[in-house]
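Start from the sequences and build out the full structure, keeping to the hints where you can.
There are 2 protein chains.
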Amino acid sequence: MIKLFYSNEMKESDILNREIQNNDEVEDIVADIINDVRANGDQALLDYCKKFDHADLDSLEASQEEIDDAYNSIDPEFIQTLKMARDNIEVFHRQQVRKNFVINDKEGIVLGQKVTPIEKVGLYVPGGTASYPSSVLMNAVPAKIAGVKEIVMTTPPNPDGSLPQAILAAAKVAGVTRIIKSGGAQAVAALAYGTETVPKVDKIVGPGNIFVATAKRRVYGIVDIDMIAGPSEILVIADGSCNPSYVAADLLSQAEHDKLATAVLITDSKVLAEKVQQELEVQIPQLLRSEIARTSIEQNGKIIVADSIQQAVEISNRIAPEHLEICVDDPFAVLNSIQNAGSIFLGKNVPEALGDYFAGPNHTLPTSGTARFSSPLSVDDFVKKSSFIYYTKDALSQVQERVVDFATREGLTGHAKSVSIRFES
Amino acid sequence: MIKLFYSNEMKESDILNREIQNNDEVEDIVADIINDVRANGDQALLDYCKKFDHADLDSLEASQEEIDDAYNSIDPEFIQTLKMARDNIEVFHRQQVRKNFVINDKEGIVLGQKVTPIEKVGLYVPGGTASYPSSVLMNAVPAKIAGVKEIVMTTPPNPDGSLPQAILAAAKVAGVTRIIKSGGAQAVAALAYGTETVPKVDKIVGPGNIFVATAKRRVYGIVDIDMIAGPSEILVIADGSCNPSYVAADLLSQAEHDKLATAVLITDSKVLAEKVQQELEVQIPQLLRSEIARTSIEQNGKIIVADSIQQAVEISNRIAPEHLEICVDDPFAVLNSIQNAGSIFLGKNVPEALGDYFAGPNHTLPTSGTARFSSPLSVDDFVKKSSFIYYTKDALSQVQERVVDFATREGLTGHAKSVSIRFES
Chain Z
4 MIKLFYSNEM KESDILNREI QNNDEVEDIV ADIINDVRAN GDQALLDYCK KFDHADLDSL
64 EASQEEIDDA YNSIDPEFIQ TLKMARDNIE VFHRQQVRKN FVINDKEGIV LGQKVTPIEK
124 VGLYVPGGTA SYPSSVLMNA VPAKIAGVKE IVMTTPPNPD GSLPQAILAA AKVAGVTRII
184 KSGGAQAVAA LAYGTETVPK VDKIVGPGNI FVATAKRRVY GIVDIDMIAG PSEILVIADG
244 SCNPSYVAAD LLSQAEHDKL ATAVLITDSK VLAEKVQQEL EVQIPQLLRS EIARTSIEQN
304 GKIIVADSIQ QAVEISNRIA PEHLEICVDD PFAVLNSIQN AGSIFLGKNV PEALGDYFAG
364 PNHTLPTSGT ARFSSPLSVD DFVKKSSFIY YTKDALSQVQ ERVVDFATRE GLTGHAKSVS
424 IRFES
Chain G
4 MIKLFYSNEM KESDILNREI QNNDEVEDIV ADIINDVRAN GDQALLDYCK KFDHADLDSL
64 EASQEEIDDA YNSIDPEFIQ TLKMARDNIE VFHRQQVRKN FVINDKEGIV LGQKVTPIEK
124 VGLYVPGGTA SYPSSVLMNA VPAKIAGVKE IVMTTPPNPD GSLPQAILAA AKVAGVTRII
184 KSGGAQAVAA LAYGTETVPK VDKIVGPGNI FVATAKRRVY GIVDIDMIAG PSEILVIADG
244 SCNPSYVAAD LLSQAEHDKL ATAVLITDSK VLAEKVQQEL EVQIPQLLRS EIARTSIEQN
304 GKIIVADSIQ QAVEISNRIA PEHLEICVDD PFAVLNSIQN AGSIFLGKNV PEALGDYFAG
364 PNHTLPTSGT ARFSSPLSVD DFVKKSSFIY YTKDALSQVQ ERVVDFATRE GLTGHAKSVS
424 IRFES
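In order, the protein sequences belong to chains Z and G. First residue of the first sequence? That's 4 in the working numbering, and the numbers climb one at a time after it. First residue of the second sequence? That's 4 in the working numbering, and the numbers climb one at a time after it.
Don't read these hints as lab results, they were simulated from the structure. Worth double-checking, as some hints may not be accurate.
One copy or two, it doesn't matter: identical chains are merged, so the pair holds either way.
[Stated by the list, open to error] In silico SDA-like cross-links for lysine to any residue, where the CA-CA straight-line distance does not exceed 25 Å:
#1 109 with 11
#2 53 with 273
#3 117 with 234
#4 117 with 98
#5 102 with 117
Written out as structure tokens, the structure reads:
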């Protein structure tokens, strides 16, 4: 059964107990795989496909025919759902597009910032039960909107060498440009360093298991990465008027992801707290992934009874959850007080799952309290900015003495000279 | 003497040879320091001040009196320069401020993104010859504009327990809220985990030596960090009409930073190439830091003779330099072709040093080719975004079947249930 706390009896460690752990054994395995891919390229990828995916591939790359066949085999209603989800994601993310700016209000001076898309992006898609077409859309669509030219997807093949149809269809709907049949740390290494078939990219995005996450951390700096996602989290703030069965269902929608997932309810109603506690017991056995959900709820789940909704918000800001539901009658009144949260679901009829698949905002969100300083995946993650400066010689002459003095005080006479030399006769 | 290449004779490795190196010995030292600070807090910081800075401190924090005394002791002209630089930085960075957005064009649906400042930021300022007041301005001003409430600066004290006057004055001008006397990995650990005196922050920014950089990398995830800056770089694209002594001075303004710094000239003029080569030999001995500059120029410096300015730009895009000067008559004609560069200096009279101190754009820039995917430090680095979703029950009912189908196809029945339960009778 889920644990129940009262806010005035909680220790700091009851609220915040998420620490990132390293695993030395995994580090060593991943380091070897990366070195192998750097040394042996495609052949290493083919060998790992045999070893880990039990697939004997003729080609590392999915053909256009394979992609089209998968797309045509799928229920047209689901293709329609994918397209509607893509369109919603596009509408939301287009609002994130940034323009260049120029400042030209002083005689002879132009300053500005230009925004340029990252040229090539790698998109990792896990295999097995974590093979999610929604992830393909959520990662590829913002990259497309940013203007990324090449989006290279990698995902592990089935033993017969095929790829999951829904993943191929989502890739086609999202506009992925190439699809590589490779998974694990080896796929990340290929994207970071390039092989005969796999282009070296500038940034790698997408979720993955511990081997993928470790590989991404190791190649960070050679290429950029999106983030290292921790276990999924949901925090529900609910008042006494909420339906306990809805609240329980929403908590379970994250608990079913992973035994390490965290589901927390904070409420100002002891009655609701106890009803949700009971309702969880009713709903857990009904889930396909009931064992995972039970472990998550019993080990990491928490119901906190707070003095008020305001206190609930304060506790939530310290936890900085990935998903935050605000189940009260006027959720917009609370929105301004939310300081730290990845995605916020407003009102009693906005289950977090709506955002995972369909509404439009991204489902790749900061976990483990990183919403204190990190943001949902966005168009910003697929562009970079360059600043630029233009001064006429006259404009430079008016400030040259100050720049020369500043540089000289910092002991950098070369910096000073590069300015003063332009005014020597 | 600087090496001279012809573009058609260059190997790929002549152009790009920057790889990040780890240092296991430093890693171990830094890990011990971090553990010590976590265990012993202020006392560990005081002990390290004795050991490394030879300072026996009464208090880890600079008093308001110390700050005001330093400010009042400095040449008022330099205070004026600091204020003018701050104002220019403010004008530029204010253009980066992002607004919230809301999308409300479908009945019963509100989507949006809100932008919130990071609450607490730590700013590391190195000691010794790398103690730069310009860095204080470049890091603190964007944080202020973002709305960061607390900016905690740490910097190592002099042996008498004082701090450099220019650093204190710059901190006052920039609006730093607290100043801690501590340097090295121990200061980074204190900011990441907090001590009795030092508040635990959400993000750490600012340059530092290998111990500071290693500590930042280790605490990344617990807190955010800005970037791990590599050695400084300048790439100058110049045509035959340029003054070789200006070009040489500009190359040296980065070469004097660090023996590992890289200065590259790409020109379409063999005559200019040779004149700059000679001019470097004239100017190097005139520098205060001539030995550093000479090592940098001889080991990492490069002059590349290209077929055309267009080819020079293509090579530059592959190198993705930190600082890029475009010394041609119409630099704005070239600007659009620049894909990868931290900061771009347009025209023959815009030495890179102008941007280091005064013009307004940030001087904290992506190094080591990371301009392919990274950006100059900006207001964006001191905020985070949260998305939000509101649907009425009617709006949800219109899409519920698609969301339930999508979730079920991904094997996540708990996700499906959290939607469907709201429509069960």
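Status of the hints after comparison with the structure:
1. 109 with 11: neither (58 Å within a copy, 43 Å between copies)
2. 53 with 273: neither (55 Å within a copy, 54 Å between copies)
3. 117 with 234: Answer is between: at 24 Å across copies they meet the 25 Å cutoff, but 36 Å inside does not.
4. 117 with 98: both (18 Å within a copy, 12 Å between copies)
5. 102 with 117: Classified as both: same-chain Cα gap 8 Å, cross-chain 18 Å, threshold 25 Å.
Violated hints, in rising order: 1, 2; the structure is consistent with all others.
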